[in-house]
Amino acid sequence: KQEVTQIPAALSVPEGENLVLNCSFTDSAIYNLQWFRQDPGKGLTSLLLIQSSQREQTSGRLNASLDKSSGRSTLYIAASQPGDSATYLCAVTNAGKSTFGDGTTLTVKP
Amino acid sequence: EAGVAQSPRYKIIEKRQSVAFWCNPISGHATLYWYQQILGQGPKLLIQFQNNGVVDDSQLPKDRFSAERLKGVDSTLKIQPAKLEDSAVYLCASNPTPPTKRGASITGELFFGEGSRLTVL
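First to last, the sequence lines map onto chains Z and D. For the first sequence, my numbering assigns the number 1 to the initial residue and increments by one for each residue that follows. For the second sequence, my numbering assigns the number 1001 to the initial residue and increments by one for each residue that follows.
Hints are not guaranteed to be accurate.
[Unchecked claim] A few chain D positions that, by computed beta-carbon distances, are all more than 12 Å from chain Z:
hint, residue
1, G1003
2, Q1041
3, L1045
4, E1109
5, G1113
[Claimed, not checked] Mimicking DSS-like on lysine-lysine, the simulated pairs with C-alpha atoms at most 27 Å apart in a straight line are:
hint, chain 1, residue 1, chain 2, residue 2
6, Z, K42, D, K1083
7, Z, K1, D, K1044
8, D, K1062, D, K1078
9, D, K1011, D, K1078
10, Z, K68, D, K1044
11, D, K1011, D, K1062
12, D, K1078, Z, K42
[What the hints assert, rightly or not] Covered by chain D, according to a simulated footprint, are these stretches of chain Z (three or more residues, beta-carbon under 8 Å):
hint, stretch
13, 13 to 22
14, 76 to 85
The hints are simulated quantities; they were obtained by calculation from the structure and are not laboratory data. Since we're looking at a predicted model, the values are computed, not measured. We put the CB at the ideal spot given by N, CA and C, even for glycine.
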């Protein structure tokens, strides 16, 4: 059974700082890994999707990496802004099922 | 392109009452999912449809939850009777990936709706 862990559960940083969010999973036989952002009271917005054959994906200030052998993914956010404050979740897909972590709640202070 | 539509956004009911949620996925998306998200946790899969057939409902509490996807487009999720622990956000998601020849779905990118927040008093 796939288990997905995101540590830390919460993170607070000053504006402008670069930061890394972590996602680890137990079963490395994955199809893809997806990072989402969730604002309070909202649904999940897809940020980046990494297929199992890829090692990283980039979108603007975001860069996601994938290391299947170690069961880890990281989401790097450059030059953080207060508008980046949200909960970030990762989801790992294998055997047609997606398993989510519980997320990391990020607060970027002005 | 219109996103995944869900309604109602909010619902407050007494325990033992019933409630229904509706979802209209992105046009052309074959796969539809219902997730339950309890405050502070990640979404947990309740049921997965491929067109109008059920692929996985192993985590659906079938004594009180039911879901259908008639005509392979929109879907409804019903809870009857509701319990206090059903208070959560119910998320609908879809993706365009068609099933493989073996009938199993390989999930591509997931697209979520805004969710329906249920409070059971």
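Checked hints:
no., hint, verdict
1, G1003, "9 Å, violated"
2, Q1041, "5 Å, violated"
3, L1045, "7 Å, violated"
4, E1109, "5 Å, violated"
5, G1113, "5 Å, violated"
6, Z:K42 to D:K1083, "23 Å, holds"
7, Z:K1 to D:K1044, "14 Å, holds"
8, D:K1062 to D:K1078, "10 Å, holds"
9, D:K1011 to D:K1078, "13 Å, holds"
10, Z:K68 to D:K1044, "23 Å, holds"
11, D:K1011 to D:K1062, "21 Å, holds"
12, D:K1078 to Z:K42, "21 Å, holds"
13, 13 to 22, "violated (count 0)"
14, 76 to 85, "violated (count 0)"
When each numbered hint is compared with the structure, violations occur for hints 1, 2, 3, 4, 5, 13, 14.
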